[in-house]
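Residues per chain are reported as follows:
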Amino acid sequence: MRVALVDCPIDVSSLISEVSDDSCGAASVFLGCVRNVNDGRAVTGIEYSAYRSMAEREMNAIVREAAERFGVSRLIIEHRLGALGLGDVSVAIVAAHPHRAPALDAMRFAIEQLKRRVPIWKLELYVDGTREWVGSGIRNRESGVEAPDVVATRIQ
Amino acid sequence: MRVALVDCPIDVSSLISEVSDDSCGAASVFLGCVRNVNDGRAVTGIEYSAYRSMAEREMNAIVREAAERFGVSRLIIEHRLGALGLGDVSVAIVAAHPHRAPALDAMRFAIEQLKRRVPIWKLELYVDGTREWVGSGIRNRESGVEAPDVVATRIQ
Amino acid sequence: MHTGRAGFILSETMTVTVLLFASYADALGKSAIELDVAPGSTVRDILGTLLAMPGGDRLPPRPLVAVNREYASAATTLQGGEEVAVIPPVAGG
Amino acid sequence: MHTGRAGFILSETMTVTVLLFASYADALGKSAIELDVAPGSTVRDILGTLLAMPGGDRLPPRPLVAVNREYASAATTLQGGEEVAVIPPVAGG
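Sequence lines, in order, name chains A, B, C and D.
When we follow this note's numbering, the leftmost residue of the first sequence carries the number 1, and every step to the right adds one.
When we follow this note's numbering, the leftmost residue of the second sequence carries the number 1001, and every step to the right adds one.
When we follow this note's numbering, the leftmost residue of the third sequence carries the number 2001, and every step to the right adds one.
When we follow this note's numbering, the leftmost residue of the fourth sequence carries the number 3001, and every step to the right adds one.
Hints listed in this document are in silico derivations from the structure and should not be mistaken for laboratory results.
Glycine is no exception: its CB is placed at the ideal position from the N, C-alpha and C atoms.
Heads up, some of the hints might be wrong.
What the hints assert, rightly or not - Stretches of chain A that chain B covers, calculated by requiring three or more beta carbons in the stretch to come under 8 Å of a beta carbon on chain B:
| hint | region |
| --- | --- |
| 1 | 11 to 24 |
| 2 | 121 to 135 |
As the list claims (entries may be wrong) - Sample of chain A residues at the chain D side, in silico, Cβ under 7 Å:
| hint | residue |
| --- | --- |
| 3 | V6 |
| 4 | N36 |
| 5 | V37 |
| 6 | Y51 |
| 7 | R57 |
| 8 | A61 |
| 9 | L114 |
| 10 | K115 |
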């Protein structure tokens, strides 16, 4: 059980080796990657930034919650920060367990929670030279900024 | 979209590279591995065998069905046959898509279907020198052999 | 004596190839059997023949069967020349 | 004038550190602000101050806030010394 914010490329194979041992009949992996189109605009790269101390705190909370819910203690979340190019892996979630259902459930739980709760932001760089914060409250000001569900629940 | 029965170690990294391109924001992976305990018995290895032509046919049907259901055409299933040791990867399923939900759904669909439909068998080798066909009808004869759900549905 | 649609005389027997795998191959001591069966035979008939063979009592009464690599019911009628596979519970992954 | 539980005289103001990120840091042109606020101030009060600053009109009216790295409601009362982070919509992964 480990989380990390990293500044260098994520090595998926070594994460799989790290998370598994001979008791594991199943490993599941999610990889987020920089894709070349978003919302119809041609993307050249993404700069990831974070509120590091809080992001680590939330990521640690997620792996603890996954352990409680699914009995999966073999879970690693690594998120990369900084300037990434097309195809680069931005986040890797790897889970291992003797059986497949908990490994799959814990992995999916972790990526869904990460997307909702972990304070990380992406600045998308476009082919036309412009850049924009993805999902930024500022761009969406007119229509109102909605908080992620889980966060809204906590706050009310 | 590709399936294979292979006789040599599965290279997960190269499968991930193969399945993804710059349009993919998400990749998901399932790995089945040989674990050291099954049903409380200490395992030293597994010999996988298959009805090769039918297994390939069913695996191809599964990737076609995943494409129809989830719109995921970037999907690879590789299953290894022969003698595997502890920790060896027996099956890898990798899916990629611009968005994460289809990549995750297609991957899970593929492994669940593979477990139900694809005619592959494992002979488990135990520390005490004995060996046994996993889930074999013969071992379970007294209680009756149940067909997997999906198969039973087809046959009725 | 059966006659085909075009009126040709069909032989009294036809041949199917039965494939056995894993625990079933162990039970019968072989992995492939050429069976001569009467025209109009069904998968159920083939299974009856197999269950009556030495070691056949170690098979379950209604195993899964595939005809030409496709899961098939016990009522499926065979034309001759088919590959009839008796499929133990699958355990891939 | 407020008195603490032990009877000490508390100062009329206290300091909190406000952190801004991503689009919000761009809007206000800075990523950290030391704010002197009255004792008993809430997160809502801090947000009011921020929204009144140059560029503050580019923030949404009720942004997410974390106090000491934990999501907090607008009604949360501050004791002084907290790290108050204003959190744009998260977009990790």
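We went through each hint and held it up to the structure:
Against chain B, the region 11 to 24 of chain A contributes 8 residues with a C-beta closer than 8 Å to a partner C-beta. That satisfies the three-residue criterion, and the hint holds. With 0 residues having a beta carbon nearer than 8 Å to a beta carbon of chain B, the region 121 to 135 of chain A misses the requirement of three or more and the stated coverage is violated. Checking A:V6 against chain D by beta carbon gives a least distance of about 13 Å; that is not within 7 Å, so the hint is violated. Taking 7 Å as the C-beta cut-off, the interface hint given for A:N36 is violated, the closest approach to chain D being about 17 Å.
The interface hint given for A:V37 is broken, as the beta carbon of that residue sits about 16 Å from the closest beta carbon of chain D, more than 7 Å. Hint on A:Y51 holds. Least Cβ distance to chain D is approximately 6 Å, under the 7 Å limit. The interface hint given for A:R57 holds, since its Cβ lies 5 Å from the closest Cβ of chain D, which is under the 7 Å cut-off. Because the closest C-beta pair between A:A61 and chain D is about 10 Å apart, greater than 7 Å, the hint is violated.
Taking 7 Å as the C-beta contact cut-off toward chain D, the hint placing A:L114 at the interface holds, the least distance being around 6 Å. Annotation: interface hint on A:K115 holds; nearest CB of chain D at approximately 5 Å, less than 7 Å.
Hints 2, 3, 4, 5, 8 from the list above are not met by this structure, while the remaining hints are.
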